[in-house]
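*Asks:* Listed below are the residues making up each chain.
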Amino acid sequence: MFWDKKIETLKTDDLQALQLKRLKKTIAQAQKVGFFKKRLSDAGITASSIKTLDDIRKIPFTKKQDLREGYPFGFFAVPLKEIVRIHTTSGTTGKPTVVGYTKKDLDVWADLIARNMTMIGVGKEDIFQNMVNYGMFTGGLGFHYGAEKIGMTVIPGSTGNTKRQIEMIRDFGVTTIHCTPSYAMHLSEVAEEMGESLDSLKTGIFGAEPWSESVRHTLEKRLGVTAYDSYGLSELFGPGVAFECREREGLHIWHDSYLVEIIDPNTGERVSDGERGELVVTPLVKEAMPLLRYRTGDVTMLMEDGCLCKRAKKITRITGRCDDMLVIRGINVFPSQIEHVLLKIPEVGNQFMVYIDRINHLDEMTVEVEINRAFFSGELTDLARIQKKVGKELRDALELRTTVRLVEPGSLPRFEGKAKRVIDRREEI
Amino acid sequence: MDTKKYVIRQISIFSENRPGRLAAIAHALGEEKINILAFSIAEANGFGVVRALVDHPEKAHDKLLSMGFNIAFTDVIAVRMKDQPGGLYEVAKILGDSGINIEYSYAYSGKEGAVLILRVDLVEDAIKKIQNSGATLLERSVFH
Ligand SMILES: [Zn+2]
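From first to last, the protein sequence lines stand for chains A and B.
Its first residue numbered 75, the first sequence is counted upward by one per residue in the numbering used here.
Its first residue numbered 92, the second sequence is counted upward by one per residue in the numbering used here.
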């Protein structure tokens, strides 16, 4: 199913011509922002220096830190009266990043969401419960308008009050849900406690945090949905940037709207298709807040193989953040790897917390996991055996020795927004 | 021989080693007017198991479960200790000679002297051996 078949299946030549045209327009739009005007002139670039798509490499990267320094409206390329909406993304430190939208931006954005939703086969007949934050977070309103655009019946469930959410799913016959994978897990646990089987559900759209294939299997089994991965970033409008099609082998990123590069985060050099690196995006259709070569911090790769659905080149599912990546005793660790290991061990739950300390100049990783009720025999020796098993599985997967702490079921935090499962307590060197 | 009447239901509760957990258990049982007759705590790396003999094990189980505790029943036996040196050795020797493994034990002072609570791998065999040796086993009805 296509929302906009022509643009979604453009031939490579036509796509590149469109991208180049839009890139030039984007650079011209960016010139209206003081920051980019100076950046480009320092680099000696004018709109006419971009003759091919490859010429984009002459343009310096833009980082999240740059955007923060423009707080609040320093990156707007249009007068404030043209801005019809503002969202912000929370930073872990300091000021939030502000993103603005013109009326046209909102239309374009809703259209991208419409493409994604149509691609996975939902539409007018479906009842859609959107269980993400409807405030400053882009996931709420972003999906809301896209879903309305394709004629779904939209329930703005937002977050919190899980029992009520479950009752609405049951009473309204909800077929499609959108939430974070952590919340979906929580939802399934609460539904189980309530004895609700949620039979009307068919499709689950999960995003805003990385999640593994094992989480997919678990969620599909527990909720009875087909689960799709959704990728987006507020700086690039919000959700809707890339999405899994029904093949669910990688995400289609909308190349007519986003120019994609994958770079080595350390050198800034491009890597080849099939090589993992940082996703760098130049949005080609943004009016209020154009960006040039924006470093997303997300780790992925461009896939070499095409797709049965005939849309263009896919990226693999995001395997982590460049900055979430933990370096422990010199070894790169993504929290998603830990999750992957735990999902294979039935004796423990799927929730976890990771603590990193530096003890006697050595990094020490402690993983807290919940003991699964069904596997508690009452014997200390059985618990010790489970603890040892988890430690061994983690060591095999991460090539790192970890301390495993068993905790009581239900005692670890459940996250309704972005999960913060890692607490790094190492002092700066 | 009816060995069943000597099998006592201990409740075993998983507990993290953090302050207040034991108090929470004791408080909850107190609220339900459940008497704790004996208990012990076994600890390993960062977690422990609280073992308790109570007068109403099912009620205790349901209460603690409803509070989110991880809880299981464990079968144990109780031996009255002779009030003289070597009493513990005697019991241990009887079982050891019969190839019965004591997984753990703890003592408490009952109304009529010290009582040893034993968790063994072969409960029925242990009951027979101890009875044959002339030592006294306490019946389940003494507890609940
Ligand atoms: Zn596809």
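A couple of the hints might just be wrong.
To be verified - Per the computed footprint, the stretches of chain B lying under chain A, defined by three or more beta-carbons under 8 Å from a beta-carbon of chain A, are:
{"no.": "1", "region": "158-168"}
{"no.": "2", "region": "184-192"}
Stated by the list, open to error - Under 8 Å between C-beta atoms, here's a sample of chain B residues computed to sit facing chain A:
{"no.": "3", "residue": "Ala129"}
{"no.": "4", "residue": "Ala135"}
{"no.": "5", "residue": "Gly137"}
{"no.": "6", "residue": "Phe138"}
Keep in mind the hints are simulated off the structure, nothing from the lab.
No experiment lies behind these values; they were computed from the predicted model shown.
No residue lacks a Cβ here, since even glycine has one placed at the ideal position from N, Cα and C.
*Asks:* State the violated hints by number, sorted upward, taking the hints as numbered earlier in the document.
*Replies:* Result: hints 2, 3 break, sorted rising.
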